[in-house]
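Start from chain A and add chain B according to the hints.
2 protein chains.
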Amino acid sequence: MLLIRETLLWNKNNTYDILIENNVIKKIGRDLINKEKINKKDVKIIDGKNKLSIPGLINTHTHIPMTLFRGVADDIPLADWLNNYIWKMEAKLDKDIVYVGTLLGVIEMIKSGTTTFNDMYFHIDGILKGVLETGIRTYLSYGMIDLFDKDKMERELRNTEKTIKKIKKIDNPKVKPVVGPHAPYTCSKELLMASHEIAMEYNIPLHIHMNETLDEVKNIKEKTGMRPFEYLNSFGFFDGVNVIAAHCVHLSDNEINIIKNKKITVSHNPISNLKLASGIAPIPKLMENNILITLGTDGCGSNNNLNLFEEIKTTSLIHKGVSLNSTVIPGEGSFKFATLNGAHALNLNSGMLSEGYLADIVLIDLKKSYLIPNENIKSHLVYSFNGTVDTVLIDGDVVLNNGKIVNINEERVYEMAEKAYSKLIN
Amino acid sequence: MLLIRETLLWNKNNTYDILIENNVIKKIGRDLINKEKINKKDVKIIDGKNKLSIPGLINTHTHIPMTLFRGVADDIPLADWLNNYIWKMEAKLDKDIVYVGTLLGVIEMIKSGTTTFNDMYFHIDGILKGVLETGIRTYLSYGMIDLFDKDKMERELRNTEKTIKKIKKIDNPKVKPVVGPHAPYTCSKELLMASHEIAMEYNIPLHIHMNETLDEVKNIKEKTGMRPFEYLNSFGFFDGVNVIAAHCVHLSDNEINIIKNKKITVSHNPISNLKLASGIAPIPKLMENNILITLGTDGCGSNNNLNLFEEIKTTSLIHKGVSLNSTVIPGEGSFKFATLNGAHALNLNSGMLSEGYLADIVLIDLKKSYLIPNENIKSHLVYSFNGTVDTVLIDGDVVLNNGKIVNINEERVYEMAEKAYSKLIN
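Top line first, the protein sequences correspond to chains A and B.
Our numbering puts the first sequence at residues 3 to 428.
Our numbering puts the second sequence at residues 3 to 428.
Because the hints were derived from the structure by calculation, they are not lab data.
Be aware that a few hints might be false.
Identical chains share a label here; the pair holds if one copy fits it or two copies do between them.
[What the hints assert, rightly or not] Taking lysine to any residue and the SDA-like style, the derived pairs with C-alpha atoms no more than 25 Å apart in a straight line are:
| id | residue 1 | residue 2 |
| --- | --- | --- |
| 1 | Lys168 | Leu350 |
| 2 | Lys168 | Glu23 |
| 3 | Lys421 | Asn376 |
| 4 | Lys14 | Ala75 |
| 5 | Lys90 | Asp44 |
| 6 | Lys421 | Glu8 |
| 7 | Lys287 | Pro79 |
| 8 | Lys380 | Ile88 |
Chain A with its partners taken away, still in its complex shape (with noise of 0.2 Å):
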């Protein structure tokens, strides 16, 4: 048992005691000790003084072995960075290095408190070893391209089985399998609908690129004379399964209706989307819609962070900036988007702090200048924070503890990460 006492709760004015079984929030109140009868030796105890805890932040897109191209490549055209930076880094990835970005990017995740993340890459195993060593959990997805390529499909899609059988072998609940067919411009017809499939096989959700750019709607409309969103509806990929879309800048309005009818979620991306040019996805009206929205970071190659706490501020301010309106999208609602959204959209008991939901907490020092007044605390999570928490618990586990990683040494995986990144640019 862990009890966390007399810490803030984000959502109350006042201090409580949460405490904790297992992997489970069992328990919020006052004076736990006293009145659940708890043996202080049955109880590992975390002071919460002074500290604010919320619910873990759900990170719905990104690709976290990228977090070493971090800085690599910034202020040129998107495809520039593909083709000249980014492919040519990824093609000399192997399984050790995405091991290295793997664990750098999960510190910087659980140190800006994020609990929870949804990633498309391969070298798979590199990713596993570090997701299971850090302690993180993981929807994790073989990004699948096939260039329209038979041959290279069948390959793909056998990664993508071979990916879901060894997580599933692994059977730790805290790492899922997820199917990810990259985008509808760099996949056939046929993988997608075979993606489609394997989805509905073993019951778990799909994960895809969607109208991030301009140039892709328009080239999907060329080839197919339909709109990426009404291409994939034409062949059923959205029926009876657990679609998350990311990026979705570029949207018709009866693109809007497949996803609010299809139920999708939408991964909104906006520090990514802003920084490649792509454009600002139309928030506002998808929650006029009633859709499920939730954030991600993308990968550390144009973001170039993981701190999801930007993703909440600049969701809330830039559809204020362009609507020339304040009242669209309050702090409030920004933040369900990275933390009860989230959960929602990989069915995860999780993004609230509540008994019976999982013990994936963050606790916040509140003595930091930049949250004071301490009053108004709601507003600073979305408008003042940094990001930079104190101490973390995934799925009832200590991963970080005063700002120090608990499972990994930090140090080292800097030293690991800066080798790692000079056999990428030699």
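Below, chain B without anything else, positioned relative to chain A:
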């Protein structure tokens, strides 16, 4: 003498020593203790290993006592925000509360790497007390608002004269007076003309809000037949003085010409402009016209923090996203806005780490996950860094040492701030 040893310089790919004598960078080079024949007894040494040194940031538009208003009202229209929250709280301010707000704001600025700020507010004695105690470099104006009332105008002008004389009497090289007529929509023509006269008389800058919202531009146009910059230009407001114009969100081509021809400095405040839904300033167009762009946070009532690194990142992001062009405002550009351009605007020998420049220096710990790999550090400063700095020198004095404020007790200020806030809302 003070020596920063073996620090990575942000604009070089190698480590150097920085020798500081009095308040100035005397020498930058390798192995300076030997080369400059320095007696170790005569020099205080700061270990720069694994630290990056950058010039201190310069915030050209803020209202520091408003730090106490952090989070008091978000996600509402500007008029509601002003009338029902900000002005009501401002009516309760006094010198002592303003002093506390100043201390809180200075702590936040120093801890996020800002060494100079340009402020406009009232209860100037409280601000002066706070900045003198903390040692930050300050350009200070009494914010004049007469609402077209002649008696009030005269009071406001007397307050400005008093402020200037007081600052001149203090005779601290780090604190300089500025003339601050609030804005064309709150100040009479007579007040604006008298402001210009005072600025000419004392040879000091003018600081004013310009073209922040569509409404105010419309109002001025209805009243005067001219847009705000045209109106002020019609009576010589920009002639022969150094003007810092905050916001400049809505500008006509003719106004851009005036800004260019009169060499007016623009203080871009992207986060405040987005949050209040004022709009997005046409920075790329201003840059094409070689206009001096600097950055400001505005007050914490509308941001809600004083972290200038967030403005740097937001500046490089939003203009890309809005123009669908990823090459506009490269990271180095927005970093320069917050350093060298700010120094130029204030006629300050700062904003660069070079021999002969003021020793306003910020050290950043490189062993942070979000700065790894360290190689592309110039990019990380803009696109990944969260603003938490390690050590800060202002005018050659250490004001932040390994994350701890030197001249005042932070915890005590946080307590005072909570008390002051209670007074304001009750």
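Evaluation of the provided hints:
1. With identical chains, the CA atoms of Lys168 and Leu350 are at most 25 Å apart within one copy only, with a shortest distance of 21 Å there and 62 Å across copies.
2. For the homomeric pair Lys168 and Glu23, neither the shortest alpha-carbon distance inside one copy (29 Å) nor that between copies (63 Å) is at most 25 Å.
3. In this homomeric assembly, Lys421 and Asn376 come within 25 Å of each other (Cα to Cα) only across copies, at 11 Å, whereas the closest approach inside a single copy is 42 Å.
4. Proximity of Lys14 and Ala75 under a CA criterion of 25 Å is satisfied inter-copy only: 18 Å between copies versus 43 Å inside one chain copy.
5. Neither within a single protomer nor between protomers do Lys90 and Asp44 lie at most 25 Å apart by alpha-carbon distance, with minima of 54 Å and 52 Å respectively.
6. For a Cα distance limit of 25 Å, the shortest separation of Lys421 from Glu8 across copies, 21 Å, qualifies, whereas the shortest one inside one copy, 43 Å, does not.
7. Taking the shortest Cα distances, Lys287 and Pro79 sit within 25 Å of each other only across copies (19 Å), while inside one copy they are farther apart (28 Å).
8. Only between protomers do Lys380 and Ile88 lie at most 25 Å apart by alpha-carbon distance; the minimum there is 19 Å, versus 38 Å within a single protomer.
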